[in-house]
Structure formats: C-alpha cells, structure tokens
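Participant: Here are the chains, one letter per residue:
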Amino acid sequence: MSFSVTEPSVRTKWFAGLLVIGYALITLIPLVWIIATGFKSPSDSISYPPVVLFEPTLEGYVNLFTDRTRATDQMLEEAGPATTWYEQIARDRGTVISGPSRYGERFLNSVIIGFGSTALCMILGTMAAYAFSRFKVPLKDDLLFFILSTRMMPPIAVAIPIFLMFRNLGLNDTHLGMILLYTAVNLSLSVWLLKGFIDEIPIEYEEAALIDGYTRFQAFYKVVLPQAATGIASTAIFCLIFAWNEYAFAVLLTSGNAQTAPPFIPTIIGVAGKDWPAVAAGATIFLVPVMVFTILLRKHLLRGITFGAVRK
Amino acid sequence: MTSSALTDAANKTPEGIARRIRGLSDRTIAWIFVAPTIFLLLAVNIFPLIWTIRLSFTDFRVNRPNNEVEWVGLRNYQRILSDPDVWSTMQATAHFLIWTIVLQVLIGFTLAYLINKKFKGNDLWTTIIVFPMMLSPAVVGNFWTFLYQPQIGLFNYVVAFFTGADPASFSMIGDVNLAPWAIVIADTWMWTPFVMLICLAGLRSIPDSIYEAAECDRASKWRQFWTITIPMALPFLMLAVLFRGIENFKMFDLVVQLTGGGPGNTTTLTSIDLKREAFERWRTGYSSAYAVILFVTVFGLASIYVKALNKVKER
Amino acid sequence: MKSKLFNAASAGALLAATAVSTAQAEDLTLCWAAWDPANALIELSKDFEAASGHNMSFEFVPWPNFADRMLNELNSGGQLCDLMIGDSQWIGGGAENGHYVKLNDFFDANNITMDDFIPATVTGYAEWPKGTPNYYALPAFGDVVGWTYRKDWFERPELQAEFSEKYGRDLGVPASLEELKDIAEFFQGRDIDGTTVYGAAIYTERGSEGITMGVTNALYNYGFQYENPDKPYDLEGFVNSEGAVAGLEYYKALYDIGTPPGSSNWYMGENIDAYRSGQVAMQMNFAFIWPGVEADENVGSGKSGYFPNPAGPTGQFAQLGGQGISVVAYSQKQDAALEYIQWFAQPEVQAKWWELGGYSALKAVVEDPDFATSQPYAQTFLDSMAIVKDFWAEPAYADLLLAMQERVHNYVIAGDGTAKEALDALVRDWTEVFEDEGKL
Numbered sequence: 036m037s038f039s040v041t042e043p044s045v046r047t048k049w050f051a052g053l054l055v056i057g058y059a060l061i062t063l064i065p066l067v068w069i070i071a072t073g074f075k076s077p078s079d080s081i082s083y084p085p086v087v088l089f090e091p092t093l094e095g096y097v098n099l100f101t102d103r104t105r106a107t108d109q110m111l112e113e114a115g116p117a118t119t120w121y122e123q124i125a126r127d128r129g130t131v132i133s134g135p136s137r138y139g140e141r142f143l144n145s146v147i148i149g150f151g152s153t154a155l156c157m158i159l160g161t162m163a164a165y166a167f168s169r170f171k172v173p174l175k176d177d178l179l180f181f182i183l184s185t186r187m188m189p190p191i192a193v194a195i196p197i198f199l200m201f202r203n204l205g206l207n208d209t210h211l212g213m214i215l216l217y218t219a220v221n222l223s224l225s226v227w228l229l230k231g232f233i234d235e236i237p238i239e240y241e242e243a244a245l246i247d248g249y250t251r252f253q254a255f256y257k258v259v260l261p262q263a264a265t266g267i268a269s270t271a272i273f274c275l276i277f278a279w280n281e282y283a284f285a286v287l288l289t290s291g292n293a294q295t296a297p298p299f300i301p302t303i304i305g306v307a308g309k310d311w312p313a314v315a316a317g318a319t320i321f322l323v324p325v326m327v328f329t330i331l332l333r334k335h336l337l338r339g340i341t342f343g344a345v346r347k
Numbered sequence: 004m005t006s007s008a009l010t011d012a013a014n015k016t017p018e019g020i021a022r023r024i025r026g027l028s029d030r031t032i033a034w035i036f037v038a039p040t041i042f043l044l045l046a047v048n049i050f051p052l053i054w055t056i057r058l059s060f061t062d063f064r065v066n067r068p069n070n071e072v073e074w075v076g077l078r079n080y081q082r083i084l085s086d087p088d089v090w091s092t093m094q095a096t097a098h099f100l101i102w103t104i105v106l107q108v109l110i111g112f113t114l115a116y117l118i119n120k121k122f123k124g125n126d127l128w129t130t131i132i133v134f135p136m137m138l139s140p141a142v143v144g145n146f147w148t149f150l151y152q153p154q155i156g157l158f159n160y161v162v163a164f165f166t167g168a169d170p171a172s173f174s175m176i177g178d179v180n181l182a183p184w185a186i187v188i189a190d191t192w193m194w195t196p197f198v199m200l201i202c203l204a205g206l207r208s209i210p211d212s213i214y215e216a217a218e219c220d221r222a223s224k225w226r227q228f229w230t231i232t233i234p235m236a237l238p239f240l241m242l243a244v245l246f247r248g249i250e251n252f253k254m255f256d257l258v259v260q261l262t263g264g265g266p267g268n269t270t271t272l273t274s275i276d277l278k279r280e281a282f283e284r285w286r287t288g289y290s291s292a293y294a295v296i297l298f299v300t301v302f303g304l305a306s307i308y309v310k311a312l313n314k315v316k317e318r
Numbered sequence: 018m019k020s021k022l023f024n025a026a027s028a029g030a031l032l033a034a035t036a037v038s039t040a041q042a043e044d045l046t047l048c049w050a051a052w053d054p055a056n057a058l059i060e061l062s063k064d065f066e067a068a069s070g071h072n073m074s075f076e077f078v079p080w081p082n083f084a085d086r087m088l089n090e091l092n093s094g095g096q097l098c099d100l101m102i103g104d105s106q107w108i109g110g111g112a113e114n115g116h117y118v119k120l121n122d123f124f125d126a127n128n129i130t131m132d133d134f135i136p137a138t139v140t141g142y143a144e145w146p147k148g149t150p151n152y153y154a155l156p157a158f159g160d161v162v163g164w165t166y167r168k169d170w171f172e173r174p175e176l177q178a179e180f181s182e183k184y185g186r187d188l189g190v191p192a193s194l195e196e197l198k199d200i201a202e203f204f205q206g207r208d209i210d211g212t213t214v215y216g217a218a219i220y221t222e223r224g225s226e227g228i229t230m231g232v233t234n235a236l237y238n239y240g241f242q243y244e245n246p247d248k249p250y251d252l253e254g255f256v257n258s259e260g261a262v263a264g265l266e267y268y269k270a271l272y273d274i275g276t277p278p279g280s281s282n283w284y285m286g287e288n289i290d291a292y293r294s295g296q297v298a299m300q301m302n303f304a305f306i307w308p309g310v311e312a313d314e315n316v317g318s319g320k321s322g323y324f325p326n327p328a329g330p331t332g333q334f335a336q337l338g339g340q341g342i343s344v345v346a347y348s349q350k351q352d353a354a355l356e357y358i359q360w361f362a363q364p365e366v367q368a369k370w371w372e373l374g375g376y377s378a379l380k381a382v383v384e385d386p387d388f389a390t391s392q393p394y395a396q397t398f399l400d401s402m403a404i405v406k407d408f409w410a411e412p413a414y415a416d417l418l419l420a421m422q423e424r425v426h427n428y429v430i431a432g433d434g435t436a437k438e439a440l441d442a443l444v445r446d447w448t449e450v451f452e453d454e455g456k457l
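Protein chains in written order, with my numbering: chain F, 36 to 347; chain V, 4 to 318; chain P, 18 to 457.
Watch out, some of these pointers could steer you wrong.
[Said to hold, decoys possible] Sample of chain V residues facing chain F (criterion: CB under 10 Å; computed from the structure):
hint	residue
1	D126
2	T130
3	Q152
4	G167
5	D256
Calculated directly from the structure, the hints in this document are not laboratory data. Only a predicted model underlies this, so the values are computations on that prediction, with no experimental measurement involved. Every residue gets a Cβ at the ideal spot worked out from N, C-alpha and C, and that includes glycine.
With the hints as extra help, turn the sequences into a complete structure.
Facilitator: See the structure below:
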C-alpha cells in the first residue's frame, strides 16, 4: 500500500478498532440473549436471578411448532410411549402434542406477503422509475415528491379508512390486501432508489439498441433491466425488510387468515404464562432470512438506506 | 431530495430516439409505466387520506354502524387541540424524538468515524453492528420488556455489574421517571446502526484530495475535522435526522410492545394515543381529526426541513 | 346481513332441520383467547369431531389483543368465527348489536336448562339484560380472581415465629385484605434461600383490562358499587363513595409496599412468571392458572396453596372472569355450531372438560361429592365462584373499561392526584359514556 497522508496511523487504527469492537460486543448482548433464550428450558428462561450458563434444550423450538395439552394419566396411557424425540420432550413436561402450532402458517404468510409485495413493488417500481428517468412526464417533480410524501403518514392515521375500504372490498385479512398495502407503502422507497440506479445506466446503450431495431419495450427489458439488476436486488432487500417486519398494519388488519409472524411471535403462550423460549425461538428463526440477505448484500446497504442519495 | 442533476440527465433524452421507436409513442409508454404506481398510491394512500379528512368532520363511530352520522364541523379539531392529554402525549413524543436523534447521531457518527479509519476487519464488524435493525421492532419491544425486568431481566444486572448498585433498586419501565428513557435506550440500540450507515456513506463521499490539500496547508487534525469532515458530512447527518425523525414520529410497534404507553401516560406517544382513540374507543371521527393533525405536522416539519437540507447541500 | 329477528327465530328452526337430515360435514371455527385452557379445548373437541363428523378449527387471540381483535371481527360482521367464546363483558354488545344468536329456543328444544349451571356464571356469561331469562351464550369456562401462595414458605417455622411476633397472629391464609397487605409487607425484600423475594404480584397492566380486573377485588370489598341499586346509571356517591376511595387507596398501598420492583405493567402472564421463578410469596390471578401451578416443576406438587379473595370492611367479593360460548350471527354454519354447543353441554363432556383443566360451570360437575377434593384448588374455586361480581357488561363496556384503566393506573402506578380525584374523574368519564349511549 502506498503511503498517503490520509491513511490513519497504526495506533489510530487499533484504537478505532477496539472501540468499534467494544460497541459491537455490547450491542450484541441483547441479541445473543434472545438467541440463547430460545435454547433454555422455560424455568431457566425466567430464572431469578438470570442464568448465563444453562443446559441447552430444544424445548423452545418444539413448543414453537406444536400445540400441547396437559395430559391426564389416562391419556398418557392411551398415547403409549413417545415415538419421536420431540414427542419425548413434550412428555417430559407431562403434556402430549395435540397438533402443529400456527407458527408455520404465520411464517408462511410472512413469506407470501413479504415476497409477494416485494415482487410487485419491484415490477411497478422499476417501470415507474424507468419512466421518470427516461421520459418527460408531466409534473414529474411534483409526482416524485408526492410519491415520497406518502411515506410520512403514520400507519395508524390511514389504518381507519384502509380498514373500512378493505372491509367493503372484502380485502380485510387477506393476502392480496396485505400485498397491495405493503406494495403501496414501499413504492415510494423503490421508485426513488430505482430511479437513481437507472439514471446511472448510460442512455447510449438504449440508443444503440433502438438503432438496431429494438422497440422501447425490448430495449427496456433486454438492455436496461440486466444493467439495473444489482440495483433492483438491493432495493428489493429494503422493501423485503420492511414488509417482513411490519407490525402496525398487520396487527390491525389481519387475524386468522393472513396474519404475519410479527404480531404473532410476542404472543406465543405455553402451558402456563408466556413461553419465553418459544418466543425467542420464533424470533430467531424469523431473523435468519433477513440476516442472510443482509450479509449477502451488505455492499449495497449504504445506498438503500439513504434513499438512493448516496451513489457509491 | 436527490439532486436535480439526476433528473436533468433524464430530461435530456434525445428527441431523435423517440422518433425512431416502433409501436407506442414514448408518451404512451411513460403513462403505461407510471400509471399503475400512481393508481396504487392513490387507492391505498391518497383515497384513505381524503376519507380520513372527510371523517374528521363527523362524529362517525365504526362500532355503531346503525347510528346516524352527523357533521360536526371543526368540533373534533377543537377538542383535540384543547385536550391537555393530547399535549402531554406530544411532549412525550418530543422527548422521545429529540433524545433518540441526539443519541443516535452522536453514537452513530462516532462509530462511522471510527470505522472509516479502515482498521482490519471493519467490514465484518460493520455488518455485525447492523444486526439489531434487521429485527422486527415489535419483537424487539417485546424482548426489551423482558430484559428490563428488574428480577429476571439482564439489563439491571449488567448495569449493576458496572455500577455496583443493587439490580432491584431501579426499574426501567416501572418508574415514571425512567420509563421515557427506557424507550429511548431500546430505540437507540435498534436504530443507531442506521444512522451509522448513513454517516459512513457521508464520510466515504469526502474525497481524499481535500484532506491532502489541508495537510499541505499544515492544518491540524482537529481543524480538519471541523472545517472539512463535519461540513462535508452534514447533508448526510441531516438526512439521517430526517429519516429517524419521520420514523420516530410515527413510532408505534416498538414502544407499544415495550411499555404499552405506561406507566401512567409517560410513554404514550401520539401514535399509541391515536390507536387507542381509533381502535379501542372507536371514536372514528375524532381520531381521524387527530390523524390529520399529525399528518399535517409531520408533513409541514419535513417540508421545512427538506428546504433547509437542500440549502446546506447547495453550499 | 340477517336481521336479529331472523337469527332468534332461526336458531331453533335450523336445529330442528339438522335433527332430521344428516348434517353435512362442516368446517367450524371456534374463536377464543390464546391461553392454557384453549389447548385443553382442542383436545376435548376431538371427541366432537369424531362424533359429529364436523371439522373443528380454532382461532386463538392472545389476551392483550383479544377484545380489540374479536370485537373488530364482530363489528364488521366478519365470518371468521362460527363459535365465539367471548369475554363476559361482551354479552351486552353481542346481544344488542345482534352479534350473537339468541339461544332460548335452542335450549328449550334440546332440554338444556340454565338451572343446571352455577347461577353466577349464568348471570355473568349468558344473560342480557342481566337478571332476565334471555340467553345469548352457554357458560363455557368459569373463572374468577383468586390468590396463590407459597405454602412452603408460609410453613417455615422461623418465618412463622417472626411473623407472629411482629403481627400477633399466625402466618397463614389472610382473613382480610388488610392481613394480606401485612403478609405482603412481611415478605417484601426478604432474603429466602439467598434470593430477595417480594410480597405479592398483583394486576397493574395498562393496555387492556389488567389493572381493572385487579383493583376491583379491593374496591368491591371496601364498598365500591357500579351504580345506585335503585336507580340504574346513577354513579355519583357509589363509584366514588368513601368506601371506594378507601379501596383504591388500599390497592395503591399494596402496590407501593408489597409488590416486586418494576411490576408496573403486569397481568396474568407476568404474574405467573414472577410466581414460578420464586420472586413472590403470593400472586393474584385468575383461577385458570391453578392447574398449571400444580404441574410446575418449581412451585407445583404441594408447594402452593390457594385462597379466595379475602374480605374487606364491607364485604367479600371477587372479580369474575370466564366466558360463555355463543353462536355468531354472521356465521353461515349456525346449525353445526349449535350442534357443538349441544354436545358441549352434556354432563360427560363437562366432566372431561374439568379433568383436562377446563373449569366447568355445570352444577352436576362441581357439586359432585368428589369435586372439592379432586384437585387442591377445587374448593377454592367453588368458594370463589360463590362471591363473584363482574364489571359492566354494557354494549359500551369497552369505553367504560378504557376510562377505568386510565384513571386507576394513573393513580395507582404513576401516583397522579388522589384516589378521590381519580374516582371523581371516573364518574365524569362514565357519565359521559352513558350520555353518549342515550342511557342517561
């Protein structure tokens, strides 16, 4: 590495590194505590005072995915010996598994709504961004600001009319309703981000394609889309994170059918009281997909987070 | 928001290209491409907003479908603006807003500054620091109630470990004086990485050549920091403040799970109060007026702020 | 939407139809709170599925969101739920707004009589208006606030000695709320086996109904009344009577001197956690938790005892919980839903319900000579059910509850103003609600 006056000294680097790592470790404590709680037994999870060392168990995960009933002796007799390890874990608590829990469904709802709205948002957002970037759209700046301003509305503020509207349209508590809603909320972000990405694609490519006899549509999906792929991917992540974690609309507009995981996780209850290990297990599993995406796309985080204002 | 230079490029689309297109005209394509977005935003955002404004002049209640709806003019607005409870929730919101922004900007900027020293492995640690903001705010709020439990939670024991106090001697969410800080801490934990990322983007956008020039002029590091780093990063800091400001003005999920607005009304932020009026008391007309007031406030503040931001950028 | 009249009339007619034709297999959805007894009901309902050929699915919403979510569902005429085990206070709204099917004809046609159920549960869960034979639900789950205590701690000789020296009586089940407060104070901050423990976990929750369900146990016993017994909706001097003020002050005193630090937003779940983890000597909680306490590895199998809410200066009452099961008027499968209720009302089913941990309200079950000894908490349950009192069950109950939650929580937890001011304000809030409702 060549010498530069702006290159920090080794001592500065050490000092900075230590401080940052120190902060990272402290900030990780709550997260580690959540993940660890998922592997505690119910009594360890609420032990007084709290325990740092404990015997790990998968009980939280078993409880997360099953419904259990406290068994009478007669029921235990009828059910016979446990045939699976998870049945055994339930038996050790004097319960029998009565069926799968709703967590799987809620998680699946999150997947359908999260990915569905992200996909729709990308399609609409790319089209609109392309139009804003390449064409003369009347009142363009006003429209762009209008699109951004929709992000400023508190969800609760529009929840009442949305609730009434969805009720009239039969969209309450449906996947389609939630997909449309999250798409609308995310569109502001995606249009602004994607416009920035498309602005950067040299217009010469399209001109060349048009001269070669492509139509506008062909030029759009054969030339522009491949060029904008990274931009679309990183925008998608941000839309997904929002739709994945959204709570206020989900708690007000969904229940039995289309409820996503965020309103569900804090409410998982066990045989007596709140089942903290199962709640923690649910939160951990729910975190994994976004965590993986974050790691994969960490290079694009900066851009997404600044609404496209930062280019490199 | 983004510089107008970005849009300029688009405006310069050569007219010649347009003429060479076979099939649809540019104008038609532009409308086909923009229309679905505008339509969806109109349907899901603007139409409800207009409906909210209309409802705000009535005494409509969702849970009394059989009652006749009456126009009450500005009565809802009068009642809200003269209600001391509303002002106390505004105060709680202001406390939350100001302190989360101050703490997050201070810590976030410091972290970004340190990370920008490019020590070995800074990429890895940046990614690790970012993890809290990937969690669902509702789940975070829920878990922090658990962490804050004086007897079985971790927070008090960690504080006790460093200060030597008795873990049971204070209660973050039970004490009217501490609860407003409890929500600030949890939010700061979750969202400082966000501010940090924006600041990092700002610091990385400063060209090395400027510092090199300053070195030649023998400007001290301290002077460089105040005359180059801060002014150059300021638009980004302001952007961070804008985003956190809008988000925290809308704050609902994390706090409602963490404290439920208590004890008393000490952490009842406006969104929580609004939710109570709209979905527990079902005073639809009243809460619509409340929603309009909130929206006008955040929209007005944001517009003024964006103007200021653009001025800073132009400098 | 169908008219109320049609619903009332159809209940019997539909059932008559099912009796002759072989009912087609339906997918029924039952809505209830997500809690321990709900798991038992899933198990119990398997018998119904086998016997009827219908398929049961369940929609359980956690307590803090239960009322919001389900009332929302009912108000919007939703068809999610065919059967609703709705909270006792919803009965007025369910009946007056036509959410629930009136069951009188159905009961008559099937020889189900409310005389077979514990009277308090019939009044509490099924009747509207109260005291009239108009039934909109079948009592499904009897529940009442009572107390759990650490028998193993109470029995320690050294603690007993210290207690009797200090208070001049034995350490045992308190005979009055005052005595309960003494015990809480006695245990508060005490070192037991190396950890600091506290007096009692009580309800303080702000967001839904927690603190109201707790404070009423003190208010009732100190002289609080919801209204003038001779003049409905006359509140002044009853809600904020001298006794009521004393009761509210008592609850605050108990909170201040006898509860764990940080217990400012606690309801059922938090109280259970505190008790199970050995933080408190006593907990206030609904009876539904008792089977879970008995089975717990830390505090179960004989370490815990149970007692009904102790008396106060003017009487002994306990806050009623529990629910009745209703048929939702918007359901398309009302006949199958009624079949479920018919099945559920059978004495054998009710007996098994109790066995699985569900508190049956059927007299045949609870008056069985073996009942009181069948579980350590069975007698306490019976005693408690004899002294119940419930919150308003008016259609506007949600507004009444919100006002009480706020006034009481702000005084007891946040220490705003005085007890008298809080109750005076409550009278104003409630009067306003009743005026809006056209009842005043």
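Participant: For a quick check of understanding: which of the numbered hints are violated here, in increasing order?
Facilitator: Hint 4 is the one this structure does not satisfy, whereas the remaining hints hold.
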